[in-house]
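These protein sequence lines are chains X and H, in that order.
Numbering-wise, the first sequence is residues 1 to 53 according to our numbering.
Numbering-wise, the second sequence is residues 1001 to 1542 according to our numbering.
Treat the hints with care, as some may be off.
[Claimed, not checked] According to the in silico footprint, chain X covers these stretches of chain H (three or more CB under 8 Å from chain X):
1. 1237 to 1246
2. 1503 to 1516
[To be verified] Part of the chain H face toward chain X, derived, beta carbon under 8 Å:
3. Val1086
4. Asn1125
5. Phe1128
6. Val1217
7. Gln1221
8. Asn1228
9. Arg1289
10. Met1291
11. Ile1298
12. Gly1303
13. Thr1326
[As the list claims (entries may be wrong)] What follows is a set of in silico ranges between Cβ atoms, one per label pair, in the way DEER data are often shown:
14. H/Ile1095 <-> X/Trp10: 20 to 28 Å
15. X/Leu30 <-> H/Pro1485: 39 to 47 Å
16. H/Asn1163 <-> X/Leu31: 50 to 58 Å
17. X/Leu31 <-> H/Arg1384: 18 to 26 Å
18. X/Trp33 <-> H/Asp1496: 50 to 58 Å
19. H/Ala1236 <-> X/Trp33: 50 to 58 Å
20. X/Trp33 <-> H/Leu1196: 33 to 41 Å
21. X/Trp10 <-> H/Val1109: 37 to 45 Å
22. H/Ser1208 <-> X/Arg35: 49 to 57 Å
23. X/Leu31 <-> H/Ile1162: 31 to 39 Å
24. H/Ile1173 <-> X/Leu30: 40 to 48 Å
25. H/Asn1036 <-> X/Leu31: 22 to 30 Å
Calculated directly from the structure, the hints in this document are not laboratory data.
Virtual Cβ for every residue (Gly too), placed ideally from N, Cα, C.
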Amino acid sequence: MLMVGMEDGWIALAWWLSILTPIAGAVYGLLNWNREGKIVKVKQEDEGVNQNG
Amino acid sequence: MGSEAMGINIQILTVVIILYVGVLSYLAYLGHKATNSSEDYLVAGRDINGGIMALSYGVTFVSTSAIVGFGGVAAFHGFSLLWLTVLTILIGIIIAFALFGVPIRKLAVNLGSTTFGELLGQRYNSKFITFFSGIMIFIFMPAYTSIILVGGARFLESSLLINYDIALFLLAIVVAIYVITGGLKTVMYTDAFCALVMLAGMAYLLFSTYSNLGGIVSAHQELSVLQNMVPEALVATGHQGWTAMPAFGSEIWWTVISTIVMGVGIGVLAQPQLVMRFMTVKKTNSLYRAMAVGCIFIFFMTGTAFIVGPLSNLYFVQQGGEIATTVAEGNVDLIIPLFINEMMPGWFVYLIMLSLLSAAISTLSSLIHVQAAAWGRDIIRNFRLWKSPASITADDLDTIPWITRIGVLVGLIISILLAYRLPESIIARATAFWFGICAASFLPTIIGALYWKNSTKAGAIASIISGYTVAIFGFVFMHLAESKPLGIARLIFGRDALFEFPWTHVDPLFYALPISAIVFVVVSLVTSPPAKKHLERCFHNF
């Protein structure tokens, strides 16, 4: 099953990674959707900026 | 791949292409309307949505020759090329967006940079770096652009049955009109549309190939059985079957690993036309959103080409008892078109035609835009700033300089001339050549610009010049794939390459990049770091 019909383990690994890497990248991108916004908010809170304007 | 051979209706195809050009024209008009300043023209007003940026980055990266040409190469070498898909996504998207894109966007906004050369030059306070990168882009990029132009024109010639010269000029004129009028906004809007067409075509191609060959595992197993059909000449150079890696250290192993996988996979990080995309997004957050879209898009482009390519051998053996290279009479560029023609339904041919046309137009327009920006900003404007700063007025920043628009025409004319003048064997090597010199010249300097505050102007200049010189030396005198068709090594030394195997097959990036990096670190350590005030300006919001 893990070999997905390939003769060589390195090729099977490349096949799996070519499927899993984009999925991992997409998930990472979505999880960090608002990363910079959060960093700015944390910095502002550290510096004592009133978030309610 | 003639229309008659493909069994398509030329009238229907003409209508489809007119509709397609209509949509492109409308998007070009929207881009034109939204372009009012130099910043709009050069970096799309730094106002682009993450999804559009990711699609534009993807289609700029993947051209017709990457799909058809590399797909054909995968049919020849086998599934080992899937490592390129893995590297392209891991390095070209995930690492590029998170570790390069985010700081590049911040730095470009802090310094007001609008081109690749300006970004490096302003970070290191060096007009020379901006000028050198502009010259390098303007001299060497046209060879790469000419491959895309030739690929697109050949495709139009065969699919619409029109004269090659007319096809070449038609393509050049269409691209020139919309790059001149709309700048990067038009380029990116049309890129996004092209990307959606390509995504539909390539996704269908992948699923239907596996489905027609009996499913994933079954198709791979049956292809493994064909190992004994690999021609003896290839077995002798290290080919061990389409579902196995080439023999370690063999000629084919060095070609696949050093040139195709490492050269293109790592080379992507220092591509000016891709780095510029990071400067266009509205917010840094957009780059993480873009990463999700970019990963999926690149998988369906390179993954499909590198899976369908090897599997075409199984299909051709089942149909006529011959492997793909034999069916294509040794021309690997014909394998993917022949496979699509024989296996796919009639309607799909229209979709794949539009996909391949989209790939050509989008990459071409992006390259031409970068060449024009290098001409207008990095060479002409930067030279005036350098030698005669009083000649630059505020208008230069607010209006779209006509000189940049002239750069579009100059860049296109050079590319057209190269398409006619250079032998095809040289043009075909231009991708690896361009990616190699870019990475060797600029990669250490870019990494230092973003992550090493004490890296110096002298270190950057020394690194760029040493990386560039060693890479050029390698391509001209050591790496057989380029040194043989160039012929300079034979002219001077009476042999095609100066050293014996494996140097004849090791991509120059392999030694030029480490040398460039070492020079960068050593020179930066022994020279004075930049002024604190300048660093504060560069990195205050990092």
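Going back to the hint list, which numbers does this structure go against?
2, 4, 5, 8, 13, 17, 20, 22, 23 and 25
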